[in-house]
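Numbering (this note's numbering), first residue to last: 1 to 114.
Derived from the structure by calculation, the hints contain no laboratory data. A quick note: this is a predicted structure, and the numbers were derived from the prediction, not measured. We treat Cβ as the ideally placed atom computed from N, Cα and C, and that holds for glycine. Treat the hints with care, as some may be off.
What the hints assert, rightly or not - FRET-style restraints, in silico, Cβ to Cβ: (1) 14 / 37: 21 to 27 Å; (2) 21 / 84: 21 to 27 Å; (3) 28 / 54: 17 to 23 Å; (4) 12 / 105: 32 to 38 Å; (5) 21 / 100: 41 to 47 Å.
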Amino acid sequence: MQLLECPVSFRLSAETHRKYSVAAKQHGMDLSKYLRARLETEDAVSEQVSQLRLTLLDTTSDQPGTEQLTPILLELLLLARRESSPGDLRAVHLELERQGVPCWTPDRHQELPE
1 MQLLECPVSF
11 RLSAETHRKY
21 SVAAKQHGMD
31 LSKYLRARLE
41 TEDAVSEQVS
51 QLRLTLLDTT
61 SDQPGTEQLT
71 PILLELLLLA
81 RRESSPGDLR
91 AVHLELERQG
101 VPCWTPDRHQ
111 ELPE
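Please model the complete structure; the sequences and the hints are all you need to start from.
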């Protein structure tokens, strides 16, 4: 485990503090651990969204007739990925595996067929 040696202080509204405190309790965490986990999850999701965007651009830019679909597909993928919890993504990946469809991941996007 990495040593957490750099404290960060910031202010929240009373309502936001209450909301996060309740959520932290529901997850069996203290508030700081819960907020740290949320920030780290957001970072991971942002990285995956970036990788999805690059993958989609790579696979559609050289195919004729897809230029007009690319912006809307990108927007839909980015919105869906941003709103999906890690549990939702696992469920989708399990369903894709059940159907024999390879799952996209940042480390294997080059391996998927075009």
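Now the hints, each set against the structure:
no.: 1; hint: 14 / 37: 21 to 27 Å; result: holds, 22 Å
no.: 2; hint: 21 / 84: 21 to 27 Å; result: holds, 25 Å
no.: 3; hint: 28 / 54: 17 to 23 Å; result: violated, 36 Å
no.: 4; hint: 12 / 105: 32 to 38 Å; result: holds, 34 Å
no.: 5; hint: 21 / 100: 41 to 47 Å; result: holds, 44 Å
Figure legend: structure checked against the earlier numbered hints; the only hint not met is number 3.
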